[in-house]
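Visitor: Guided by the hints, dock chain Z onto chain F, whose structure is given.
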Amino acid sequence: MIHQYKNNGYNIVLDVNSGAVHIVDDIVYDVIACMVENKLENVEKPAAYEALKKKFPDRAQELSELVDEIYELKENGMLFAEDSYEKSISAFQNRATVVKALCLHIAHDCNLKCRYCFAEEGEYHGRRALMSFEVGKKALDFLVANSGSRVNLEVDFFGGEPLMNWQVVRELVAYGRSLEAPHNKKFRFTLTTNGVLLNDEIMEFVNREMANVVLSVDGRKEVNDKMRPLAGGQGSYDLIIPKFQRVAKSRNQTNYYVRGTFTHFNKDFAADVCHLADLGFKQISVEPVVAPKSADYALTEADIPALLEEYDRLAAEMIRRHRAGEGFNFFHFMIDLEGGPCVYKRLSGCGSGTEYLAVTPWGDFYPCHQFVGQEEFLMGNVEDGIVNTDIRDRFKACNVYSKEKCKDCFAKFYCSGGCAANSYHFHGNINDTYDLGCALQRKRVECAILIKAALSEEDIK
Amino acid sequence: MKHIKTLTTRDYKESVKKGGCGECQTSCQSACKTSCTVGNQSCENTNK
Numbered sequence: 000m001i002h003q004y005k006n007n008g009y010n011i012v013l014d015v016n017s018g019a020v021h022i023v024d025d026i027v028y029d030v031i032a033c034m035v036e037n038k039l040e041n042v043e044k045p046a047a048y049e050a051l052k053k054k055f056p057d058r059a060q061e062l063s064e065l066v067d068e069i070y071e072l073k074e075n076g077m078l079f080a081e082d083s084y085e086k087s088i089s090a091f092q093n094r095a096t097v098v099k100a101l102c103l104h105i106a107h108d109c110n111l112k113c114r115y116c117f118a119e120e121g122e123y124h125g126r127r128a129l130m131s132f133e134v135g136k137k138a139l140d141f142l143v144a145n146s147g148s149r150v151n152l153e154v155d156f157f158g159g160e161p162l163m164n165w166q167v168v169r170e171l172v173a174y175g176r177s178l179e180a181p182h183n184k185k186f187r188f189t190l191t192t193n194g195v196l197l198n199d200e201i202m203e204f205v206n207r208e209m210a211n212v213v214l215s216v217d218g219r220k221e222v223n224d225k226m227r228p229l230a231g232g233q234g235s236y237d238l239i240i241p242k243f244q245r246v247a248k249s250r251n252q253t254n255y256y257v258r259g260t261f262t263h264f265n266k267d268f269a270a271d272v273c274h275l276a277d278l279g280f281k282q283i284s285v286e287p288v289v290a291p292k293s294a295d296y297a298l299t300e301a302d303i304p305a306l307l308e309e310y311d312r313l314a315a316e317m318i319r320r321h322r323a324g325e326g327f328n329f330f331h332f333m334i335d336l337e338g339g340p341c342v343y344k345r346l347s348g349c350g351s352g353t354e355y356l357a358v359t360p361w362g363d364f365y366p367c368h369q370f371v372g373q374e375e376f377l378m379g380n381v382e383d384g385i386v387n388t389d390i391r392d393r394f395k396a397c398n399v400y401s402k403e404k405c406k407d408c409f410a411k412f413y414c415s416g417g418c419a420a421n422s423y424h425f426h427g428n429i430n431d432t433y434d435l436g437c438a439l440q441r442k443r444v445e446c447a448i449l450i451k452a453a454l455s456e457e458d459i460k
Numbered sequence: 000m001k002h003i004k005t006l007t008t009r010d011y012k013e014s015v016k017k018g019g020c021g022e023c024q025t026s027c028q029s030a031c032k033t034s035c036t037v038g039n040q041s042c043e044n045t046n047k
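These protein sequence lines map, in sequence, to chains F and Z.
Numbering-wise, numbering that gives the first Met the number 0 puts 222 at position 223 of the first sequence, and it's gapless, one number per residue.
Numbering-wise, numbering that gives the first Met the number 0 puts 29 at position 30 of the second sequence, and it's gapless, one number per residue.
Isolated chain F, as found in the complex:
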């Protein structure tokens, strides 16, 4: 399977099934397109050459040379590679799975009133509640007991707003550390916070104990304050930005993200990304809102062309800033071409419902944070473990090959079939896809590869 596109003066050919990325000149770009269109991918070189001569009569001189180049890549499995992974993935997914990550809903309560909150201002279709140390402790015990031989275990302190239950966070980190040596485990704790309650004591603890911290802010002041007001209605931007800048600096600009959401109201979200970069942040993530169609801030099908253009604009600006020595990372444009995941990981999905579970303040398990509060997805609890194994098995069987729409999509090796929760919320089925999200994801993959291509020319990384 080939995906080819032109962007910012680059001709890019992605050999989807091998993962190879080629930057080609105009004539090769056209020849490869012609080969795909005329089903010449599996034709022997002499016959392909003869057929192409008829298609490109004016380029006969160079055709021989470039057909040699194309077939050299083909023989090395880097062009027109077959998809031979389906059997491997089925076998892989039938293995006994372990739990390796928990999202602890440490507080179903929040001190912001974000308009787009899927947690409904922290309450998740339920009541306000804080997780007790006892419940959290049992969750960590469950994780260790169900993680098999996996060493690295991930625990995210999530909410609502986790700093509203800070003492329990501290106690659970200490408890987790006490489990590491006896069980040969290594906890990676992460924290997602809106910053309202951040102070020096918390920052010091976070920098010592948290492998990553996600700092929620949407970008420009007016954009942020429209969607992320405090309980009293006033904006949160002025309160949180100085604190976030201190966190970023104190972590040497690594192992954190400032993380925003863009909506129908700020389709020019590249300006928000650049605003955060101008404030000195180097690790930035600004992501499309996922919202019911009825919401006035929801992204619509009609928004897609403008959003795709905006990603292109952002990619071009990021290349410009890198070249000027002012580069920054944008989470959705980050791509690890050389050391990225194996095919199993790429095709088997995010692990929700199997390797990854969300835990409510009272100890119930759900497949992920986005299913919390939907009783049909209640899987069990910290006392009894996974009781509803049917749900786990449904998520276990969910992968790229179980999704009809993914089969012919070039981006499937980068998104692993997309988010099960988004699929469910838009189609009532975890084996479908969230179509608007897919359109944006495909553009992001194109931009990410484009940036690699552009920067590879100067060996700037």
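No lab work stands behind these hints, which were simulated from the structure alone.
A hint or two may mislead.
As the list claims (entries may be wrong) - Below, computed lysine to aspartate or glutamate pairings styled on DMTMM-like, alpha-carbon distance capped at 25 Å:
no.: 1; chain 1: F; residue 1: Lys404; chain 2: F; residue 2: Asp302
no.: 2; chain 1: Z; residue 1: Lys1; chain 2: F; residue 2: Asp67
no.: 3; chain 1: F; residue 1: Lys44; chain 2: F; residue 2: Glu81
no.: 4; chain 1: F; residue 1: Lys404; chain 2: F; residue 2: Asp392
no.: 5; chain 1: Z; residue 1: Lys17; chain 2: F; residue 2: Glu81
no.: 6; chain 1: Z; residue 1: Lys4; chain 2: F; residue 2: Glu68
no.: 7; chain 1: F; residue 1: Lys406; chain 2: Z; residue 2: Glu13
no.: 8; chain 1: F; residue 1: Lys44; chain 2: F; residue 2: Glu71
no.: 9; chain 1: Z; residue 1: Lys1; chain 2: F; residue 2: Glu74
no.: 10; chain 1: Z; residue 1: Lys4; chain 2: F; residue 2: Asp24
no.: 11; chain 1: Z; residue 1: Lys12; chain 2: F; residue 2: Glu71
no.: 12; chain 1: F; residue 1: Lys225; chain 2: F; residue 2: Glu119
no.: 13; chain 1: Z; residue 1: Lys17; chain 2: F; residue 2: Glu85
no.: 14; chain 1: F; residue 1: Lys225; chain 2: F; residue 2: Asp267
no.: 15; chain 1: F; residue 1: Lys220; chain 2: F; residue 2: Asp267
no.: 16; chain 1: F; residue 1: Lys5; chain 2: F; residue 2: Asp434
no.: 17; chain 1: Z; residue 1: Lys12; chain 2: F; residue 2: Glu403
no.: 18; chain 1: Z; residue 1: Lys4; chain 2: F; residue 2: Glu456
no.: 19; chain 1: Z; residue 1: Lys1; chain 2: F; residue 2: Glu68
no.: 20; chain 1: Z; residue 1: Lys16; chain 2: F; residue 2: Glu71
no.: 21; chain 1: Z; residue 1: Lys12; chain 2: F; residue 2: Asp67
no.: 22; chain 1: Z; residue 1: Lys4; chain 2: F; residue 2: Asp67
no.: 23; chain 1: F; residue 1: Lys242; chain 2: F; residue 2: Glu200
no.: 24; chain 1: F; residue 1: Lys52; chain 2: F; residue 2: Glu71
no.: 25; chain 1: F; residue 1: Lys266; chain 2: F; residue 2: Asp277
no.: 26; chain 1: Z; residue 1: Lys17; chain 2: F; residue 2: Asp82
Just so we're clear, the structure is a prediction, and the values are computed from it rather than from any experiment.
Guide: Same frame as chain F, but now just chain Z:
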């Protein structure tokens, strides 16, 4: 090559042989929480 420049990428087919150890990060633990992005993650297999 004169007409084609190939970026260095991980060979998917090779990764089938030694992959699947499961030590890598869970997709949603990094930043997103609303989409599934694995292409940006790093492999943590010590035996690859």
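Visitor: Look at each hint and say if it fits the structure.
Guide: Against the structure, the hints come out as follows:
{"no.": "1", "hint": "F:Lys404 with F:Asp302", "verdict": "21 Å, holds"}
{"no.": "2", "hint": "Z:Lys1 with F:Asp67", "verdict": "11 Å, holds"}
{"no.": "3", "hint": "F:Lys44 with F:Glu81", "verdict": "17 Å, holds"}
{"no.": "4", "hint": "F:Lys404 with F:Asp392", "verdict": "21 Å, holds"}
{"no.": "5", "hint": "Z:Lys17 with F:Glu81", "verdict": "19 Å, holds"}
{"no.": "6", "hint": "Z:Lys4 with F:Glu68", "verdict": "10 Å, holds"}
{"no.": "7", "hint": "F:Lys406 with Z:Glu13", "verdict": "21 Å, holds"}
{"no.": "8", "hint": "F:Lys44 with F:Glu71", "verdict": "10 Å, holds"}
{"no.": "9", "hint": "Z:Lys1 with F:Glu74", "verdict": "18 Å, holds"}
{"no.": "10", "hint": "Z:Lys4 with F:Asp24", "verdict": "9 Å, holds"}
{"no.": "11", "hint": "Z:Lys12 with F:Glu71", "verdict": "17 Å, holds"}
{"no.": "12", "hint": "F:Lys225 with F:Glu119", "verdict": "16 Å, holds"}
{"no.": "13", "hint": "Z:Lys17 with F:Glu85", "verdict": "16 Å, holds"}
{"no.": "14", "hint": "F:Lys225 with F:Asp267", "verdict": "15 Å, holds"}
{"no.": "15", "hint": "F:Lys220 with F:Asp267", "verdict": "14 Å, holds"}
{"no.": "16", "hint": "F:Lys5 with F:Asp434", "verdict": "23 Å, holds"}
{"no.": "17", "hint": "Z:Lys12 with F:Glu403", "verdict": "23 Å, holds"}
{"no.": "18", "hint": "Z:Lys4 with F:Glu456", "verdict": "10 Å, holds"}
{"no.": "19", "hint": "Z:Lys1 with F:Glu68", "verdict": "8 Å, holds"}
{"no.": "20", "hint": "Z:Lys16 with F:Glu71", "verdict": "23 Å, holds"}
{"no.": "21", "hint": "Z:Lys12 with F:Asp67", "verdict": "23 Å, holds"}
{"no.": "22", "hint": "Z:Lys4 with F:Asp67", "verdict": "14 Å, holds"}
{"no.": "23", "hint": "F:Lys242 with F:Glu200", "verdict": "12 Å, holds"}
{"no.": "24", "hint": "F:Lys52 with F:Glu71", "verdict": "19 Å, holds"}
{"no.": "25", "hint": "F:Lys266 with F:Asp277", "verdict": "19 Å, holds"}
{"no.": "26", "hint": "Z:Lys17 with F:Asp82", "verdict": "18 Å, holds"}
When each numbered hint is compared with the structure, no violation occurs for any of them.
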